[in-house]
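Student: As they're listed, the protein sequences go chains D and C. When you line the first sequence up against the working numbering, it's residues 1 to 41, in that order. When you line the second sequence up against the working numbering, it's residues 1 to 361, in that order.
Hints are supplied without guarantee of correctness; some may be wrong.
Claimed, not checked - Only pairs whose alpha carbons sit at most 27 Å apart, straight line, appear in this in silico DSS-like list of lysine-lysine:
{"id": "1", "chain 1": "C", "residue 1": "K37", "chain 2": "D", "residue 2": "K37"}
{"id": "2", "chain 1": "C", "residue 1": "K48", "chain 2": "C", "residue 2": "K37"}
{"id": "3", "chain 1": "C", "residue 1": "K296", "chain 2": "C", "residue 2": "K37"}
{"id": "4", "chain 1": "C", "residue 1": "K332", "chain 2": "C", "residue 2": "K137"}
{"id": "5", "chain 1": "D", "residue 1": "K37", "chain 2": "C", "residue 2": "K296"}
{"id": "6", "chain 1": "C", "residue 1": "K274", "chain 2": "C", "residue 2": "K139"}
To be verified - Residues on chain C that point at chain D, a partial pick, calculated with CB under 10 Å:
{"id": "7", "residue": "K92"}
{"id": "8", "residue": "I95"}
{"id": "9", "residue": "G99"}
{"id": "10", "residue": "Q262"}
{"id": "11", "residue": "A309"}
These are computed hints drawn from the structure, not numbers from a lab. A quick note: this is a predicted structure, and the numbers were derived from the prediction, not measured. Cβ coordinates follow ideal geometry from the N, Cα and C atoms, glycine included.
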Amino acid sequence: MSQEAAVVAKPKRFSLDTWAVLLAFTLAALVRAGVFKHIPW
Amino acid sequence: MASSVAIVQVRPANPALQFLKLMPGVLLLAGVGYAGKLLEVNVGKYAKAHHWTFPNIEYVLWAILLGLLISNTVGVPEIFRAGVATYEFWLKAGIVLLGARFLLGDVLKLGGTSLALVAIEIIGAIAFMTFLGRVFKLKPKLTSLLAVGSAVCGVSAIIATQGAIDADEEDSSFAIAAILALGALSLFTFPLIGHSLHLTDHAYGVWSGLAVDNTAEAAAAGALYSDAAGKLAVLTKTTRNALIGFVVLAYAFYWASRGQAQAVGNKAKFLWQKFPKFVLGFLLISTLATFAFFSKEQIGALANLSRWAFLLTFAGVGLRTNFRTLSKQGLKPFLVGAIGEVAIAGFTLGLVLAAQRIFGW
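Isolated chain C, as found in the complex:
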C-alpha cells in the first residue's frame, strides 16, 4: 500500500510578536548598562565631594556587577530572558561599528602580528587541553569541546563543534559552563595581573584577546583596563574568531575518520557556514574608514554607537552569569577547564611579553 508523506513547514511566529518579546530584555540590558554609566560618573563625584579615597570604577565593571547582582539574587524573570540573550547580537554589531576606528593598514599590521600569536595559542591550547582531558579521563568528545572552547572562541566554537562532531548536548553544556565560569573570573583577575605587571595598553589588550575565551568577556576584560586595550582585545579576539571554521573542520574530519561523526561534504561551504560574518563586516567598515568614506565627526559618531552596543553587551555578561547554575555542572570539566585556562593565560602572557620586547609595544 502506497503511503504519502506531507511535509509541513512550520512558519516562525509573527516577526512583530517575536520582536516585541525581545523588548523587555533589551530594555533591561539598556537600563543596567546606563545605570553602570551613571554610577561611574556619580560615585566618583560623590566620593570627591566627601573627600573619600575611592578607586575610579569604569562603567564596564559597574554594568557587569549590577547584572551579576540581579542574576544572582532576584534572578532574571522569564519575560526578560529572550531579550537578555540578544547581548551577543549587540556585541557583534558593536565590533562591526568599531571597524571605523581602525585604518585598514593598522588592522593588517596588528592583525598580522595577532595572527601569528593566535596560531601559536590555538595549537598550544588544543594540545594542552587534549592532554589534560586524557589525564583526567574525560569523555573524548567533551575534551574536544573544551579544547575548541579554550583555543578559539568560547561558546560559539563549542556550539559549532558540537554539531560538527555529533557530541552530546550534555557535554556541550558542561564545556560552555566551564568556559563561562572561567570567563567571569578573568574579568576580575586579568586587570589586576595587567596592572601588577605594568603591562602597556597594547600588550594587555592583545593578551586579553588571546587568553579570554568568550568574545564578550574578552572585550569586557580589555575595556576594564583602558579604551585602547579594549580595542586591541577585540581585534585580537576577532582574529581568533576568524579561524573558528578551520579548527571545527579539523575536528569534524578527525571524528568522521573514527566513524563517530558525519563526513564533511563540501569543505568550502562548511567553512563559509562556520565563518563569523561580523569579521567581514568589521573589515568592510574599516576599509571604508581608510578611504575617507566617513568624515572625522562621522567616525566619532560610529565609535559612540559601538560603545552603546558594547554597553548592552557588558550588562548582558553580568545578567546571564548565574554562579549557582554554573556550579551545578560538575567539578571535573570545570577543573580541567580551570587548569587549562591558567596554563593558557600564563603561556599567552609569555608570548605577549616576548612580542612586546620584539615589536616595542
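Isolated chain D, as found in the complex:
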C-alpha cells in the first residue's frame, strides 16, 4: 500500500482586515475604559 502525503496549508483564522479592526476596537476600548487618557500628537 502506497501512501502519499498531501501538504495543505492550514487556513488563516482571520484576514489582515479583521486583525486591523480587532486592534482598532481594542485601542478604542482601552481609551473608553480610561487606560489611555491622553494620546499626544
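Starting from the known structure of chain D, fit chain C onto it as the hints suggest.
Tutor: The following block gives chain C in isolation, referenced to the frame of chain D:
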C-alpha cells in the same frame, strides 16, 4: 492496489517568532514616520530663525520622501521587509479609528454623495480602461486587472480579481506596478493641481478619494493638502473600497461565462469574502461616537491614535516604492495605466467641480 492519502497540515510558524520578525520593519516605519514629524517642526523653526523663505512641508511629505530616499538609495534590507509590509495593516486600523471623527449622519450624507460619484467613476473608469486595453492590444485579463485597479481600489482589488478570474501572476504584477507607480506620481501632482485650481478642502478630498487608486496613496494625497481633505479622501476611498466585492463578482461572472475562470458558487459568501471588513469597523466606531459612547477627550485620543497609525502608513508608502523595480515591469501596461489615470483624474475632477457647484462644498 489501494492507496491512501495522508493530509498533512502545515502549522504556521510560532506566532511569537512571526511577531518578532515583524518588529524591525515596524520600528523602521515608526522611526521614518517620527523623523518626518520632527523634520516638519524643526525645519520650519530653523528656516524662520534664519529668515529663510521655506514652504511649510507637512510630516506626511517628509515621511514619504525619507522612505523614498531609503528605498531608492541603500534599499530596504531583508530583515525590515516583513515589518514594512505591515503598512496596510496600520492604514486599515487608522481608518477604523478615524470613524470616531465622523458622526454617522455626516457619514451617510457624505457617503451618499460620494456613492453616486463613485458609481459614475467606476463605470467610466472600467469602460475607458477596457477601451484602452483593446486599442493597445493588451492581454484581455491584464486589461481586466488594470480596469479593476484603476476603477476600485488599487492593489487589493487587483489581488482579489486575480484569484477570481484565474489571471496570470505576471499580469497581476504588471497591473500592480502600474497602479503603484501612478499612485506615487499622484502624491506630487494632485496637491499642486488642487492648489492651482483653489479647490476647497472638501472638493479636493473627494477628488483624491475618487481618483487615486491605492488607499494608502489616496489618504496621503488628501493629507498632503490638509487634515480636513485627508478625512474626506479616506471617506470617499472607503466608499469605493466597499464596492470591491460587486466589481470583482461581475468580472468573475464575465470570465466564467467565457469558460476562462471557475464559476462562482455562493454569491453572498463570495461578496462577504471580498468585502473589506475595515469599512464595517469604521461604521461601527462612527456609530458609537454618534451615540456619545466616547467623551470629547476620548474622541481626541482616538483621532490621535489614528494619526499615529497613518504616520506608519505614509512611511511605508515611501519605503516600499522602488522606482527601479517599477520601471522593469514593462512600458505598455504602464502607458495604458498612465493614459487611463490621467483621463480618470480629469473626468473625476469634472465630476467634483460639478458637485461643488450643486452642493456648495
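Student: Confirm or reject each hint.
Tutor: Checked hints:
1. C/K37 / D/K37: Answer holds: C/K37 to D/K37 is near 22 Å, not above 27 Å.
2. C/K48 / C/K37: holds (17 Å)
3. C/K296 / C/K37: With a Cα-Cα distance of about 25 Å, the restraint between C/K296 and C/K37 holds, given a limit of 27 Å.
4. C/K332 / C/K137: OK: C/K332 and C/K137 at ~9 Å, within 27 Å.
5. D/K37 / C/K296: holds (11 Å)
6. C/K274 / C/K139: OK: C/K274 and C/K139 at ~24 Å, within 27 Å.
7. K92: Hint holds; C/K92 Cβ to chain D Cβ min 4 Å, cut 10 Å.
8. I95: holds (8 Å)
9. G99: holds (8 Å)
10. Q262: violated (18 Å)
11. A309: holds (8 Å)
Comparing the model with each numbered hint stated earlier shows that hint 10 is the single one that does not hold.
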